[in-house]
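There are 2 protein chains.
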Amino acid sequence: MMTRREEQRLERRAAIIEVAAQLFVEKGYGATSMSAVADALGGSKATLWKHFASKEELFAAFIEGRISLFREEVSQTLASTGNVRADLSKAVLHLLRRILSEPSLVLYRLVIGEGGRFPEIGRIFYERGPKANQDAFAMFIQARMSEGELRKGDAQEAAGMVIALCSGGLHQRALWQDSKPTKKEIEAEAEAVVDHFLRSYAAKAPK
Amino acid sequence: MMTRREEQRLERRAAIIEVAAQLFVEKGYGATSMSAVADALGGSKATLWKHFASKEELFAAFIEGRISLFREEVSQTLASTGNVRADLSKAVLHLLRRILSEPSLVLYRLVIGEGGRFPEIGRIFYERGPKANQDAFAMFIQARMSEGELRKGDAQEAAGMVIALCSGGLHQRALWQDSKPTKKEIEAEAEAVVDHFLRSYAAKAPK
DNA sequence: AGAAAAGCGTACTGGTTGGTACACTTTTTT
DNA sequence: AAAAAAGTGTACCAACCAGTACGCTTTTCT
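Here the protein sequences come in this chain order: R and S.
Position one of the first sequence corresponds to residue 1 (the working numbering), numbered consecutively onward.
Position one of the second sequence corresponds to residue 208 (the working numbering), numbered consecutively onward.
Since the hints were made in silico from the structure, they are not lab data.
Some clues are possibly wrong.
Unchecked claim - Listed next, the in silico DMTMM-like pairs over lysine to aspartate or glutamate satisfying Cα-Cα at most 25 angstroms (straight line): (1) Lys338/S x Asp195/R; (2) Lys55/R x Asp39/R; (3) Lys297/S x Asp178/R; (4) Lys27/R x Asp402/S; (5) Lys387/S x Asp178/R; (6) Lys27/R x Glu271/S; (7) Lys338/S x Glu187/R; (8) Lys338/S x Asp178/R; (9) Lys152/R x Glu264/S; (10) Lys234/S x Glu64/R.
Claimed, not checked - Some but not every residue of chain R turned toward chain S, in silico, with C-beta under 10 angstroms: (11) Ala53; (12) Tyr108; (13) Phe125; (14) Gly169.
Note that the coordinates shown come from a computational prediction; the quantities given were computed from them, not determined experimentally.
Note that CB positions come from ideal geometry on N, CA and C, so glycine has one too.
Let the hints inform the model, and build the full structure from the sequences given.
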């Protein structure tokens, strides 16, 4: 059972992470000072070090929290309704919207940029992010292959193609410039991804 | 004509950039101090500020230098020998090897990571890097489309598919973890990229 | 030869940073 | 009621950093 003190301690800890998250996202790791976090928190610096032994530890906690936000959603959008193309279109569109969202882009930049300082975070992010998405698609594709609705082949590799197509186009452009893609561009890319995929993996050559 | 003084000044400037490049690559922008650059150079701090008005300016000069190293190579590898598949395989393999090389990965991380502080550098990098590659492929593809060796379509979009497939698979994995892909993995991915591309754009449906 | 430019070396400034110390108050547990 | 835990506020430290100032030597141009 959770004692009252432990509850409040966790609340305070969460508040610290939340306030730090805003600063990390806004200004990056290096430009965010612990004093600034304490000020934004309204509390004292001593409190910070009672919860996190160092700035690095606070950053790691923040990243882990963000990553867990991005889990689970994908597998939800991948249900089979009998129409493979429609199912894929829907899921791909969801995926594109998500990885092109500003919070997601900021997280990408942060993880890649500070990847040198925090090698483990990069690994965790990859496994729970892109890799998890690929696995979800692979499971869906595998099922359709078994049913004969897709040409049989390596489902994991096929899913890799989908992820690559999703993360190599608009996503790359958005990562470097801050040109936000329009909704139409996103929808067009989603269709193009599904088109390319089905050209490679449709059960029978489309007329 | 270049006077002797100007020559030596440029040499010294190049030496500074070279020495700074090593530190930037090793430790990142934030963790590289100007004093450290001066020490590694063997010279004095005053000299640094005679060449570069600020640390940011030095960093920008370093990045621009690196980017120009990565230009031009790609278009060289894209010649037509009459065999589309072979031509593409060769060029894709070259591209993959290059973007998966350690210097290239480090540059990626640096540009993305410090992208917030230097927004223009991200744009320049994109235009001279991924975008330039895409244009080179688009030109090749356009020519093959005209000759009837590839199904007619939007050459720029087709090239985008190649670039996306190249930068979405092993490259993503390499960016986050520091797992260096093996030569076999790279070759396999190159073949897979060409396979997928030709399935979408081959002039006639393969048997 | 003499002026000018470039570089060198060192010491310094003003500011910031991560992290600590300590005395104090509030809340919760026992 | 007393002990323990948590948080607060402030002052502080040692280290570091970008950038400056200045006097010195060496090289190059005219």
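Hint-by-hint comparison with the structure:
1. A hinted pair counts as satisfied when its Cα atoms are at most 25 angstroms apart, and Lys338/S with Asp195/R qualifies at roughly 23 angstroms.
2. A threshold of 25 angstroms between alpha carbons decides the hint, and for Lys55/R with Asp39/R the separation of about 15 angstroms falls inside it, so the pair holds.
3. Distance hint between Lys297/S and Asp178/R is unfulfilled; the C-alpha atoms sit about 33 angstroms from each other, more than 25 angstroms.
4. For the suggested pair Lys27/R and Asp402/S, the alpha carbons sit about 43 angstroms apart, so the restraint of at most 25 angstroms is broken.
5. Of the supplied pair hints, the one linking Lys387/S and Asp178/R is violated, its CA atoms being roughly 29 angstroms apart against a limit of 25 angstroms.
6. With a C-alpha separation of about 24 angstroms, the suggested pairing of Lys27/R with Glu271/S holds against the 25 angstroms cut-off.
7. Taking the CA atoms of Lys338/S and Glu187/R, the gap is about 21 angstroms. The hint holds against a cut of 25 angstroms.
8. A hinted pair counts as satisfied when its Cα atoms are at most 25 angstroms apart, and Lys338/S with Asp178/R qualifies at roughly 15 angstroms.
9. For a cut-off of 25 angstroms, the pair hint linking Lys152/R to Glu264/S is broken: about 55 angstroms separates their Cα positions.
10. For the proposed pair Lys234/S and Glu64/R, the alpha carbon gap of about 24 angstroms is at most 25 angstroms, so the pair holds.
11. The criterion of a C-beta within 10 angstroms of any C-beta in chain S is not met by Ala53/R, whose closest approach is roughly 20 angstroms, and the hint is violated.
12. For Tyr108/R, the interface hint holds, since its Cβ comes within 10 angstroms of a Cβ in chain S; the closest pair sits about 8 angstroms apart.
13. With its C-beta approaching chain S no nearer than about 6 angstroms, Phe125/R sits inside the 10 angstroms limit, and its interface hint holds.
14. Given the 10 angstroms rule on beta carbons, the hint for Gly169/R holds: about 5 angstroms separates it from the nearest Cβ of chain S.
In summary, the structure is inconsistent with hints 3, 4, 5, 9, 11 from the numbered list given earlier, while agreeing with the others.
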